[in-house]
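Chemist: Chain residues, written in single-letter form:
2 protein chains.
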Amino acid sequence: MVETWPQKNYTTMEEKRPLILISNDDGYTSKGIHELIDFLLPIADLLVVAPDTPRSGSGCAINVHTPIHYELVSRSVGLDVYKCSGTPTDCIKIALNTLCGKRQPDLIVGGINHGDNSSVNVHYSGTMGVVIEGCLRGIPSVAFSLCNHAADADFSPMRPYVVQVTQLVLAKGLPHQVCLNVNFPNTPDYKGIRICRQAGGYWDKEAQPIPHRDDPNYYWLVGEFVDTEPDNPQSDHWALRNGYVAITPTTVDVTAYSFMEELKTWF
Amino acid sequence: MVETWPQKNYTTMEEKRPLILISNDDGYTSKGIHELIDFLLPIADLLVVAPDTPRSGSGCAINVHTPIHYELVSRSVGLDVYKCSGTPTDCIKIALNTLCGKRQPDLIVGGINHGDNSSVNVHYSGTMGVVIEGCLRGIPSVAFSLCNHAADADFSPMRPYVVQVTQLVLAKGLPHQVCLNVNFPNTPDYKGIRICRQAGGYWDKEAQPIPHRDDPNYYWLVGEFVDTEPDNPQSDHWALRNGYVAITPTTVDVTAYSFMEELKTWF
Chain X
11 MVETWPQKNY TTMEEKRPLI LISNDDGYTS KGIHELIDFL LPIADLLVVA PDTPRSGSGC
71 AINVHTPIHY ELVSRSVGLD VYKCSGTPTD CIKIALNTLC GKRQPDLIVG GINHGDNSSV
131 NVHYSGTMGV VIEGCLRGIP SVAFSLCNHA ADADFSPMRP YVVQVTQLVL AKGLPHQVCL
191 NVNFPNTPDY KGIRICRQAG GYWDKEAQPI PHRDDPNYYW LVGEFVDTEP DNPQSDHWAL
251 RNGYVAITPT TVDVTAYSFM EELKTWF
Chain H
11 MVETWPQKNY TTMEEKRPLI LISNDDGYTS KGIHELIDFL LPIADLLVVA PDTPRSGSGC
71 AINVHTPIHY ELVSRSVGLD VYKCSGTPTD CIKIALNTLC GKRQPDLIVG GINHGDNSSV
131 NVHYSGTMGV VIEGCLRGIP SVAFSLCNHA ADADFSPMRP YVVQVTQLVL AKGLPHQVCL
191 NVNFPNTPDY KGIRICRQAG GYWDKEAQPI PHRDDPNYYW LVGEFVDTEP DNPQSDHWAL
251 RNGYVAITPT TVDVTAYSFM EELKTWF
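From first to last, the protein sequence lines are chains X and H. Quick note: the first sequence, position 14, residue 24 per this note's numbering, numbers continuous. Quick note: the second sequence, position 252, residue 262 per this note's numbering, numbers continuous.
For reference, chain X alone in the conformation it holds in the complex:
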């Protein structure tokens, strides 16, 4: 019997403020998540449950063969921070099912990611994994990413945009099965916001050989992104290349509706 089953324990939080559940894929010590906390603590109580190690490229992966463990790292007014052994998606699942208890979050935010999650990167991104999980649970969810992988990247120009988008989503909500993928170009001078669609493209030249002990079959996964529609101003990749903040509304219903009728004629 577990006598200490974790219940709602936001002893330092005010229930009048909205509650935002935050996670990421760079880990709880990354600069991006600390900047995000700094941006959002003035407007909401924050519950942070983030991976204990970098988990870039986690997508929506979950741990089904390994137990998941979390641990309180710090608690201050309006802010609880936990580190978790799981993937970004695990962090959200475990938080919603244990720590959140009866006070479910009003919003889930992923990030701020160190690196670009536009175009096809949406599929590999653990930060988007956070947000897709929130969306699948019917909770408004937003991911923020900066097109700069550096550990000490400068996130400060993002502040007013992150606060604005967060407040808008808190006020208006999001449609059923829709979340937001918000990417920022690597420049301090944004030209504004563009509502975009996912750019067409793919990663190429992805295997870098790193032979070891006379065995040639070791590789780093690397790659060059190929934008297959570089001149399309509707795409998120175009917006970022041209200095705009790109907001790509993203659906968790991945049915290819446009192909259903033709496919029925096959059988």
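If you're looking for bench data, these hints aren't it; they were derived computationally from the structure. Beta carbons are placed, not taken as given, at the ideal position from N, Cα and C, and that holds for glycine. Certain hints may be false.
Said to hold, decoys possible - Incomplete in silico selection of chain H near chain X, CB under 8 Å: (1) P52; (2) G69; (3) I72; (4) V74; (5) I104; (6) T108; (7) G111; (8) K112; (9) R113; (10) H133; (11) L146; (12) I203; (13) I205; (14) D263; (15) W276; (16) F277.
On the provided structure of chain X, position chain H as indicated by the hints.
Modeler: Only chain H this time, still in chain X's reference frame:
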């Protein structure tokens, strides 16, 4: 210098036959992938590059911090089998960039998965990770899954359907950015094929406490699936519950087009 950089080495294959690249998330020793090989070897050359351990729940995860290694397990006429240390998505990326060389596959197949990949499971499935990666690379891609997790599940009733769907996709191709998610009910008597859309639903009660060393914060990720539209005959989950083979055409363009115009009015 690597003098043995792997080049096209299908010494036992006939280039006149189509080439199918196969992977899964249950690992190269699972029954499901061996049954798939048995079903498809009569109609195509097969290159199998599958995880060396079970990787269920990998989604589209990739390894960006760890080298990836592969190793030839067996070679026979028309069939090369490699095990790979990476995720299902890694397997496809590394295979396309190294082993495939100039002979790129005509089709990529994921599976046969031990377990249901309908509804929201599409996001967590490593088998779907295989297929999404193929689709992102512009290669027709199909996932097959059986709603039975048992290691010794009976896949034999699936054979004619797997062969038919494979031959149809080889002959007709698939639209840009569309792949197929094919799920089979756990019954030997299928009522036929239904073209479906992804069922609405979510996983609930996902954290099972497994306290360890007086620490209550250890959990297994478990869950009960909640179908939020159980009476909708268009859904893949409905089709499976009612004994049909469910084919859900799936897009890798996850833009929520229907929300773009409204979102523009926010800013």
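Chemist: Each hint needs a verdict: does it hold in this structure or not?
Modeler: Hints versus structure:
no.: 1; hint: P52; in the structure: 21 Å, violated
no.: 2; hint: G69; in the structure: 4 Å, holds
no.: 3; hint: I72; in the structure: 4 Å, holds
no.: 4; hint: V74; in the structure: 4 Å, holds
no.: 5; hint: I104; in the structure: 5 Å, holds
no.: 6; hint: T108; in the structure: 5 Å, holds
no.: 7; hint: G111; in the structure: 12 Å, violated
no.: 8; hint: K112; in the structure: 15 Å, violated
no.: 9; hint: R113; in the structure: 16 Å, violated
no.: 10; hint: H133; in the structure: 4 Å, holds
no.: 11; hint: L146; in the structure: 5 Å, holds
no.: 12; hint: I203; in the structure: 5 Å, holds
no.: 13; hint: I205; in the structure: 5 Å, holds
no.: 14; hint: D263; in the structure: 6 Å, holds
no.: 15; hint: W276; in the structure: 6 Å, holds
no.: 16; hint: F277; in the structure: 5 Å, holds
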